[in-house]
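Peer 1: Let's have the full structure, built from the sequences with the hints guiding it.
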Amino acid sequence: MQGRKLKVASYNIHKGVGLDRRRDPDRILTILREIDADVIALQEADRRFGLREAVIPRATLDDHSPWIVADLGHYDSARTAASLGWHGNALLVRRGIEIVDACAVPLPTLEPRGAVCVTLRIGDALLRVVGMHLDLSGLRRRQQVRAVCDHLGSYETAGHAVMMGDLNEWSVSAGALSAFAPPLRVLAPGRSFPARRPLAQLDRIVVSEAVTVEASGVHHSALAAVGSDHLPVWAALILP
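Everything in the sequence shown is counted per this note's numbering, starting at 1 for the first residue and increasing by one.
No lab work stands behind these hints: they were computed from the structure. Incorrect hints may have been included.
Label pairs and their computed distance ranges (CB to CB) [unchecked claim]: (1) K5 / P108: 31 to 37 Å; (2) G138 / A222: 32 to 38 Å; (3) P25 / A174: 34 to 40 Å; (4) P194 / A125: 36 to 42 Å; (5) C103 / A125: 15 to 21 Å; (6) S178 / D63: 42 to 48 Å; (7) G138 / V213: 24 to 30 Å; (8) H64 / P108: 36 to 42 Å; (9) P112 / D150: 18 to 24 Å; (10) P183 / G123: 18 to 24 Å.
Treat the numbers as computed from the prediction; the structure is a model and nothing was measured. Glycine included, C-beta positions come from ideal geometry on N, C-alpha and C.
Peer 2: In structure tokens:
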């Protein structure tokens, strides 16, 4: 099959605090290296209060990882240097992949939730990747899914799409998942929460019609079992 292979992943890192109650950014970075994805959506990547400092310092990612942080450029303040993303959502992109643009996606919410979107050039095609952390309220989740889909539909130039994150949806196929209208496909990589004994598929990946899914799953390792309250999920894709 012709096409470009791409591995994507999503990980709610719980502000770097593991089940042992230790905040360990190096452990999170090691888990990310284990996954070895080309594009990674992080949730709870920043501390909640103050300047919302990044859990993994940007300099550490810049100097000691194969990824760069998609720069959203949505505001100019001291937070720009301290934070990785928007309301804790950040996108990491493997070096060598062209980032065309990136932005925050405002969501209708009462909680500090958000989404981020990056446009990548993969060969001759454009790929838009959204990372998101949705609300605890089912009604809000549906509204937020529609907002994300509307954002992707607002681009003048067509492209493939991957949406992923902690959707906070306990239903297997209904609830907010039904707001991803066909031909979008909602993948179920597996149970990812809680990390020590996973029961729920809260972390999902959604792909557009032309994207081929080779495989998907939940990343299990000794470090991932204690690194966060979620396990990472991933998908191996082929872009036409």
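Peer 1: Indicate, hint by hint, whether the structure satisfies it.
Peer 2: So, going through the hints one by one against the coordinates:
At about 35 Å, the beta-carbon gap between K5 and P108 stays in the expected band of 31 to 37 Å. Evaluation of the 32 to 38 Å hint for G138 and A222 yields a pass: the beta carbon distance comes to about 35 Å. One distance hint, 34 to 40 Å for the beta-carbon pair P25 and A174, holds here, with the actual separation near 36 Å. For P194 paired with A125, a C-beta distance near 37 Å keeps the hint of 36 to 42 Å intact.
Separated by about 19 Å at the C-beta atoms, C103 and A125 satisfy the suggested range of 15 to 21 Å. For S178 and D63, the Cβ-Cβ distance of about 43 Å falls inside the hinted range of 42 to 48 Å, so the restraint holds. Separation of G138 from V213 is about 26 Å and conforms to the stated range, judged on CB atoms against 24 to 30 Å. Distance hint check: the CB atoms of H64 and P108 are about 37 Å apart, consistent with the given range 36 to 42 Å.
Hint check: P112 to D150, Cβ distance near 21 Å, so the stated range 18 to 24 Å holds. At about 22 Å, the CB distance of P183 to G123 agrees with the hint of 18 to 24 Å.
When held up to the earlier numbered hints, the structure conflicts with none and fits them all.
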